Amino acid sequence: MSLIIFLILFPLLPAIALLLFKSDVMRKVIVVVSVGMIAAGSISLAVAYINAGPVYFNVSPFASKLVTGGEIALALTFLFVCRTLPFRRYWIPLLVVVQYGAVIWFDATGRIPEVMDCLFIDNLSIIMCLIIGIVGGLITLYTVGYMRRYHEEHPGIPDRTNRFLAAIFLFFFAMYGIIFSNSLAWIYFFWEITTLCSFIMIGYSRTEEAVRNSFLALWMLLLGGLAFAGAILCAATWCGTIELARLLTTGGALVMLPVVLICFAGMNKAAQFPFSGWLLGAMVAPTPSSALLHSSTMVKAGVYICIRCAPVLHGTAAGHIVALLGGLTFLAGSAIAISQSDAKRVLAYSTVGNLGLIVLCAGVGSHLALWGAVLLVIFHALSKALMFLCVGTVDQQIGSRDIEDMRGLISRMPWVTIMMLVGMAGMFLAPFGMLISKWAVMEALAGKNPVLTLMVIFGGSLMLFFWSKWMGVLVGVDGRESSVEKNIGIAEWSTLSTLAALTVVVCALFPLIGIYLIEPMYGSDPLLSRGHILMLSILMGMIMLLPLGFIVHRKRLHYVEPYLGGANVASPHRFMGSLGKDREWSLGSYYLAGFFGEAKILAPANIAAIALMAVMLLIPVL
Amino acid sequence: MNAVTRSIAYIVLAPILGGLLAGLDRIITARMQGRYGPPVLQPFYDVLKLFEKENLMVNRFHGYYLVCYLAFLIASGALFFFGEDLLMVIFVFILADIFLVVAAYSTNSPYSFIGATRELLQMLAAEPMLLISAVSLYMVTGSFEVAGIAGSGKILILYLPGVFLGLVYVLTIKLRKSPFDLSTSHHAHQELVKGLTTEFAGPSLALVEIAHWYETVLLLGIVYLFFSFNPAVGVAAALLTYFAEILIDNTNARFKWQLTLKSAWLATVALGGVNLIVMYFIFVR
Chain A
1 MSLIIFLILF PLLPAIALLL FKSDVMRKVI VVVSVGMIAA GSISLAVAYI
51 NAGPVYFNVS PFASKLVTGG EIALALTFLF VCRTLPFRRY WIPLLVVVQY
101 GAVIWFDATG RIPEVMDCLF IDNLSIIMCL IIGIVGGLIT LYTVGYMRRY
151 HEEHPGIPDR TNRFLAAIFL FFFAMYGIIF SNSLAWIYFF WEITTLCSFI
201 MIGYSRTEEA VRNSFLALWM LLLGGLAFAG AILCAATWCG TIELARLLTT
251 GGALVMLPVV LICFAGMNKA AQFPFSGWLL GAMVAPTPSS ALLHSSTMVK
301 AGVYICIRCA PVLHGTAAGH IVALLGGLTF LAGSAIAISQ SDAKRVLAYS
351 TVGNLGLIVL CAGVGSHLAL WGAVLLVIFH ALSKALMFLC VGTVDQQIGS
401 RDIEDMRGLI SRMPWVTIMM LVGMAGMFLA PFGMLISKWA VMEALAGKNP
451 VLTLMVIFGG SLMLFFWSKW MGVLVGVDGR ESSVEKNIGI AEWSTLSTLA
501 ALTVVVCALF PLIGIYLIEP MYGSDPLLSR GHILMLSILM GMIMLLPLGF
551 IVHRKRLHYV EPYLGGANVA SPHRFMGSLG KDREWSLGSY YLAGFFGEAK
601 ILAPANIAAI ALMAVMLLIP VL
Chain B
623 MNAVTRSIAY IVLAPILGGL LAGLDRIITA RMQGRYGPPV LQPFYDVLKL
673 FEKENLMVNR FHGYYLVCYL AFLIASGALF FFGEDLLMVI FVFILADIFL
723 VVAAYSTNSP YSFIGATREL LQMLAAEPML LISAVSLYMV TGSFEVAGIA
773 GSGKILILYL PGVFLGLVYV LTIKLRKSPF DLSTSHHAHQ ELVKGLTTEF
823 AGPSLALVEI AHWYETVLLL GIVYLFFSFN PAVGVAAALL TYFAEILIDN
873 TNARFKWQLT LKSAWLATVA LGGVNLIVMY FIFVR
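These protein sequence lines are chains A and B, in that order. Numbered by the numbering used here, the letters in the first sequence go through residues 1 to 622 in order. Numbered by the numbering used here, the letters in the second sequence go through residues 623 to 907 in order.
Pulled out of the complex, with its shape left as it was, chain A reads as follows (with noise of 0.2 Å):
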């Protein structure tokens, strides 16, 4: 117990170390330690505690307490982040006032029952916990970099690192405490926490833009407290309990609105359909943060809820309509996709759509199911913290994030290009993980739900065409413009080149981690059966061996130029027009905008969520 007491409570220690001793070399060195210890301390609970089962620990009531003082310092922190706010605004702090009023008012009048075993882990937390600690640490490491370099360019940005490195450590500090709480007021006040940070972080610049997206995503997250505040309510007042275990093990019709609440609240942290918004918002802050919150941190936590709350949805009607949420959100967060240029939010926008795969596969509830959603979980947050820190260190490098913008990309920037490539097969490519997810996801459901197989079908086919569009974009080979790869540096490159190791590798362990981490907890999937797991080693072998090929040096090879229909003139990249001139010619990517873009996509999508939660919410009060 006391590796999970460290781990929770030591983040805190660095987030207040920073903000006291500001000079670069303490921030390296406390940066650095404090990464280690935490990625070190996650590694030794995994081998402690792996397939120990559940294990719950007794807590002594004062911590119970603390954290109810936590609850109103953070209240009095919200209200005072809203001091800024004009009148009309006077709904966002109302949010806070009503949930927590109701929370507190609740537990000073003793109508929250105690609880005992206040913490505790399974194989589905060490999982979290691994990804926390791994991928949340590199991505750590890799912002102390990222900063400097981001100051130099943005001089007008008042520099304040470290209280964004401290936001990093807090949301550490919260995201333990989520996967490792057992009691819904508990994790209630982490979850608070973490929308807390994000504000911080989106609005680091203080630019209008940064502002507005951060209160944004302030007041949808607080939406999504308020359910959570009202599940700790309704759990109190009908169910008699506030612990999750016992609460997802009591089974019955009282649950369902407690469960459902607490699904709606990790909905809208994991950005589904209509909560997509604060997410591409969340697009101003620094590449880091977008990468941290969704990689490990924050969306992360709403579909480890969602995952958690599975057992009660299984089969009952409000299951089904988290299925489709999700269903929906995979189609349509995917569909938007093709038609974004801005590198960032065609990221975000896969990453709404990938969770909205997870909340599906959450919603249905199967073991096979849950198997699907707990890998998307970990190759997902691999490859997307791999693609976003990728795409930070193309945008300080060329200066620009649009995808048109890193045409030719592989002879300007090739190791950092490589990279990419790898982070986009491991998103949508076999063998790799998230294929390997999908293949679990789609034998999940056949022959359950055809309806929930054609959005996933269609969806991964959405997906499948703005990856390779963009991959498409990397390769060519244009030769217009010299290398830039110079200056990144060595904090970047070594957490580049352990992302993108860590994503294939992870894929060709994927069996080790069934084994020992999924099937204790979801029972053995025919996927693992041994025929299956050749066929992926054999694949997976041929894609090892792919580099070897361009090692290989061949003769008798004749360059040209490309075919210019005839009229090339001396550079490959003009030709002779029809006017007699010679002219230069580009090339530019298809966005199917009038398919698949925002406006035409975004409203019905948003209006089919809205009405899809207002049945899941109402299916349990009736």
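The hints are simulated quantities; they were obtained by calculation from the structure and are not laboratory data. One or more hints might be untrue.
Pairwise CB distance ranges (calculated) [said to hold, decoys possible]: (1) Leu579(A) with Leu639(B): 45 to 55 Å; (2) Gly315(A) with Ala625(B): 35 to 45 Å; (3) Ala810(B) with Gly315(A): 53 to 63 Å; (4) Gln812(B) with Val569(A): 22 to 32 Å; (5) Val855(B) with Ala52(A): 55 to 65 Å.
Residues of chain B clear of chain A, computed beta-carbon distances all greater than 12 Å [unchecked claim]: (6) Met623; (7) Thr627; (8) Ala644; (9) Gly656; (10) Phe666; (11) Leu797; (12) Val855; (13) Thr873.
All of these numbers come straight from a predicted model, not from anything done at the bench. Ideal placement from N, C-alpha and C gives every residue a C-beta, glycine not left out.
Knowing the structure of chain A, use the given hints to seat chain B on it.
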């Protein structure tokens, strides 16, 4: 025949079979157009000649991507004839196709670029129906394994007529037959230079041709599954389907991509999706 022999037979014989089919295709097409046509072995002569030509390269990558294209196409066919999971076969098939697209993109030539983008659009149009076929075959036979589906003994076409028609619709896209030969076409009058393959020359182009033969046999193998209750009927049905594709090829002009995408998805939902839902009510409920 056991699984390993079948896979090896595919690797060795598929190009021969595919080449012969291509030769027949050219003769039948010629007769439909009132010409006499080339000898049936002409595709082999063409490929052999391509191998003797100089390998012109725009850069040092695209030839290699094409090797990967062929390798993964063979892998997916070998998995199919080994009797492996049909979904995985389709995923590897997609992977192979992505290598072809990447090869075309990497040349950075305007004509290849348009061809590659259109090939992606064709994939977007066709992929859902391929996967729906796998899922609906599972629904009727209870197995994703090709061996299990082929050995089920059921007359699958009777359960899945809609899925089969939808599959034939997208088969035209996958085989790049008119009206869906957007990415690259053998009808010169409707082609932008040579689309996807503009920059591939000599041995590289030969690889694309051979890959196409493998591809044809694999796709006809999926068609065969619907009639697998009787091997003779299955082979006849596959050949008949191929003849139908040739007929469609010669009686249609190229569609725009918008119409391709819309019509293919409409066919997918109306034929495949509806059939799938009906099967769900028959078999699962």
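Quick rundown of the hints versus the structure:
1. Leu579(A) with Leu639(B): 45 to 55 Å: 51 Å, holds
2. Gly315(A) with Ala625(B): 35 to 45 Å: 37 Å, holds
3. Ala810(B) with Gly315(A): 53 to 63 Å: 58 Å, holds
4. Gln812(B) with Val569(A): 22 to 32 Å: 29 Å, holds
5. Val855(B) with Ala52(A): 55 to 65 Å: 57 Å, holds
6. Met623: Given that every Cβ of chain A is farther than 12 Å from that of methionine 623(B), nearest at about 18 Å, it holds.
7. Thr627: Nearest chain A Cβ is 17 Å from threonine 627(B), so the label holds.
8. Ala644: 25 Å, holds
9. Gly656: Given a closest Cβ separation of 32 Å, the condition holds.
10. Phe666: 23 Å, holds
11. Leu797: 18 Å, holds
12. Val855: 26 Å, holds
13. Thr873: Holds, since 28 Å exceeds 12 Å.
The structure shown violates none of the earlier numbered hints.
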